[in-house]
Every structure is written in C-alpha cells, then in structure tokens.
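Student: One-letter residues, chain by chain:
2 protein chains.
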Amino acid sequence: MRLKAIIQYDGTNFSGYQIQPNGRTVQGKLEAVLAKMHKGEHIRVTASGRTDQGVHAVGQTIHFDTSLTIPVANWLKALNTMLPDDIVVKDISEAPPDFHARFDVKEKEYRYFILNTKERDLFKRHYCYHVQVPLQLERMQQAGKFLVGTHDFSSFCAANSNVKGDKIRTITEISIEEDSAQQIIIKVRGTGFLYNMVRIITGTLLEVGFGLRKPEKVEEIITACDRSKAGKTAPPQGLYLWEVDYY
Amino acid sequence: MRLKAIIQYDGTNFSGYQIQPNGRTVQGKLEAVLAKMHKGEHIRVTASGRTDQGVHAVGQTIHFDTSLTIPVANWLKALNTMLPDDIVVKDISEAPPDFHARFDVKEKEYRYFILNTKERDLFKRHYCYHVQVPLQLERMQQAGKFLVGTHDFSSFCAANSNVKGDKIRTITEISIEEDSAQQIIIKVRGTGFLYNMVRIITGTLLEVGFGLRKPEKVEEIITACDRSKAGKTAPPQGLYLWEVDYY
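Just so you know, the sequences run in chain order A and B. FYI, the numbering for the first sequence is 11 to 257, going by our numbering. FYI, the numbering for the second sequence is 11 to 257, going by our numbering.
No wet-lab data here; the hints were simulated from the structure. This one's a predicted model, so the numbers in the text were calculated from it and none came from an experiment. A few of these clues could be false.
Pairs involving identical chains hold if they fit within one copy or between any two copies, as the list cannot separate such chains.
Below, simulated BS3-like cross-link-like pairs (lysine-lysine); rule was C-alpha separation at most 30 Å, straight line [claimed, not checked]: (1) Lys239 / Lys14; (2) Lys134 / Lys100; (3) Lys134 / Lys46; (4) Lys87 / Lys116; (5) Lys128 / Lys100; (6) Lys197 / Lys224; (7) Lys128 / Lys174; (8) Lys87 / Lys134; (9) Lys134 / Lys177; (10) Lys46 / Lys177; (11) Lys242 / Lys177.
Working from the sequences, and respecting the hints, build out all of it.
Tutor: Structural data, given as structure tokens:
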C-alpha cells in the first residue's frame, strides 16, 4: 500500500530535509520511525523535493510504501507520537500505487517572510529574515511581475548547483504583501524550482525594495542568464515550502 | 561603576535564569561574557528575579558592577556581540551605586500567551501554550477580577516553594484579552510574585474558561490558602517576564 502524507517541520534544528550520514535530517527521522514500525525494515521516504538547512515546511508532501495493515486513520497518531516535536504529520491517506511525491508535482508554493521593523524580534529569529531598512513594497511588486512566466532562470540558480538539463522554469504567480505584523511575505508559485531560486529571487527583490536597483532591472537580470547579475541569496530561516499541488 | 541593563531571552534552550553547576543558564552566559571582558575576574550579575526553564523574558532587568572604563554606549554592542543569539541586551545605562535589580523592584508585569485554535502551530510550540477547547473569555475576565488586590496567595504558590515569610502579595492589575491571531493574553502586574504564581493563576483561569469552574470560585480558592484548591500549573513556554518597573 502506498501512503501519501502532508508534513510540516521546523527547519531550525535540521541539517535540511535529505538524509545524510552525519547530521539530523527530516528524512532521517521519518525513516527511523518507519523502520521501528516495520520491525527494522528500511522504508524509503520520497518527498516532493528537498529543503535546505534552516528552511521550514508547512505543506511538504511525501510518499512511502508499507506492508502494515494499520487503518489509515491510526497512522496519523502513530507517526505523530513517535516523531520528534519539530516534525508534524498533518494528513495521511492512501494513494494510488503509482503516485509519486516528486514526479507528480503540478505546482509548488513557497513563501518568504521578511520582518521589516527597526527592532529585531528575538522570538522570531529562526522564523523570518529581519530587515531594518524600510522596504519600498510597490517597487518590489513591480519587479516581481517580470519574473512571472516561463524563463531561463539561470541567473536565479545557485552557482554550485548540479541541475541536469536546462534551467527553464515557469513561475505562475508572485505576490508581495505586508501583513499586520510588519512582515513582508513573498509568495512564489511555480511548476518547478531551481536550487536556491526563491532565496535568490528574494535577495534580488530586496535590493529593489532598498532602492538599489530599478524594478525593470529584473528583466535584464533574467536575460543575462548569469548568477552574478542577481541579488544575494536571502538566508534560509525566512523560507517556507508552503504547499505542493498534484495532478 | 554600577550598570543596569534590560535584557530579553528565549527561554527554550536554557535551564532557567539562575546559574547552576550543570545546565545552560542565562546568568551563566552573562557572567561568562563579563568574565571574558574583565580578564577572568568574576562579575556577579543580579537580576530582578529568576525565571524557570522554558520561561521567556522581554524585559528582565539586571545590574552588575564593573571597573572597566568602556563608554556606556559601547557596552550594548560589546555584550550583544559576545552573547549567544538567544540573549539580547536591549538597553544598558549607568545606575546609582546603590541601585539593586531585585530589592528596588516597584512592580513587575508577566504575560501568558495561550494559542486558542483547533490546530496546533508547530512554529509557536516554544512560545505559547496551545489550548484546543474554545475558551470563554468573559468568564476568565470575571474570575481575574477576584485576584486583584492584596491577598494571601498561598493557594497560588508551588507546594515545593521555600518562600521565607508570608505569602501575602499585591496584584495591581489583571487583563485577559484576545489578539488578532487567536491568542489569549493574560497580563498580570503586581508588586511581588510567589514561585509559579502566574502559571498557577493561568491554570486556574483556564479551568474557568473551560466552564469547569465558576468565576466566583476564585474567591474561595484564595480564602482556602491551599495549593490543591487552585488549578494546574500552566506550562512554562507561554510565560514571559514582560517588564520590571523600579522606584
């Protein structure tokens, strides 16, 4: 039986999603719990994609196969009881045997939280990026529009990435809004993302918001297909994998 | 020279404020940094009072004496550079040589944050107490009124406390309000507090908010002078030492 689960995690104390020999990872914790439930058998967990150290997830989606005959309703409780308190399973259900958490992704949404206040907030230090300089929201919104559509996003891909194939991706929607707590939230939806793409988009939009670059400059940056033309990579703690939609 | 500082800390990864042989403490970190600055000399830090493991501070106040001739303006930067990222010095200034962070307290304010939503919020798990059952705010407000004034608060003092002297304290103000994020915030101001007093008050108000006890019952609980008559001690992560006022 194939199960599909929606999970949340607080990325603060993880060395990212993907399992690695040393370091505490989300996949490592999930697979350790599943091994316990399956009497030591290794159960491989597949996610919609990895997230980096410090990056959070509100709607990460995974799948795995099981031979256990636990009713689906009991899985949720069993997993949440055994998982550490920084991973929560929000939903679990039976999926078709050919469902694939990575290959069947239709669209993903990421959100990046910027706390735009003079004073830093100690209690949010792991959950947003604190920017002291007042940001010019309207300029950022204008700049964001240039990113929507299908483009070669080479300028917005980490230089050390080993992406196979082209760097053409489609962003279906970008919105940049301020909430009541002086947080600027950048929402980016797309059919696929390159390594560090949302963090580089954020870093670039920030430079526009500071007044250092004109909004139209973003069009040039895309055309250049050169990572060095875009802004800095924004830090991980502001980024959330928010939602994954499937076909 | 005596210095007075207002500090904030995230209590999550501390075994409380007060220094102890094993365990990471706020006082321990402060004194370690001051020892470094004073070439190994032990500088004793005195706070307005201790806080327990997991309890946060937004306006804890401390004092210490120094022989260093650093301008006061540079102290803030020096301390914040050397302290770990879960302690922040918000303000530091010269105080009269007889100023005492504990003995000169006029009033203290604590705030307790209750997240009153069906779903728990993973990212707030260390910063509020999640209560699923909808709370009856008006009943809690009625109950709170009985606590204001000068009373023997024995019923609201941890049974294992070794308070010397009586347990008569004065609460000058209580307010219980809901914010826009479905958080119920209990503010308690008073001239002195017993061990676990705000957490036991919160636990008692919660039972009233659940509809398990009548608001008037609080008057009886006070009169009983018996810890077993009050509610459970609410967990630490919802509690913040918010402000300390001095004469």
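Student: Next step is simple, just say for each hint if it's right about the structure.
Tutor: Hint check results:
Taking the closest pair of Cα atoms, Lys239 and Lys14 never come within 30 Å of each other, the shortest separation being 40 Å inside a single copy and 48 Å across copies. With identical chains, the CA atoms of Lys134 and Lys100 are at most 30 Å apart both within one copy (23 Å) and between copies (16 Å). Taking CA atoms no more than 30 Å apart as the test, Lys134 paired with Lys46 passes between copies only; the shortest distance there is 29 Å, against 34 Å inside one copy. In this assembly of identical chains, the alpha carbons of Lys87 and Lys116 lie at most 30 Å apart only when taken from the same copy (28 Å versus 48 Å across copies).
Taking the shortest alpha-carbon separations for Lys128 and Lys100, only the inter-copy value of 13 Å comes in at or below 30 Å, while the best intra-copy value is 35 Å. In this homomeric assembly, Lys197 and Lys224 come within 30 Å of each other (Cα to Cα) only inside a single copy, at 21 Å, whereas the closest approach across copies is 46 Å. Taking identical chains as interchangeable, the C-alpha atoms of Lys128 and Lys174 are never at most 30 Å apart, the minima being 42 Å within one chain and 43 Å between chains. For the identical chains of this complex, Lys87 and Lys134 are neighbours both inside a copy (29 Å) and across copies (20 Å), given an alpha-carbon limit of 30 Å.
In the homo-oligomer, the alpha carbons of Lys134 and Lys177 never lie at most 30 Å apart, since the shortest distance is 34 Å inside one protomer and 37 Å across protomers. Taking the closest pair of Cα atoms, Lys46 and Lys177 never come within 30 Å of each other, the shortest separation being 40 Å inside a single copy and 51 Å across copies. With identical chains, the CA atoms of Lys242 and Lys177 are at most 30 Å apart within one copy only, with a shortest distance of 19 Å there and 57 Å across copies.
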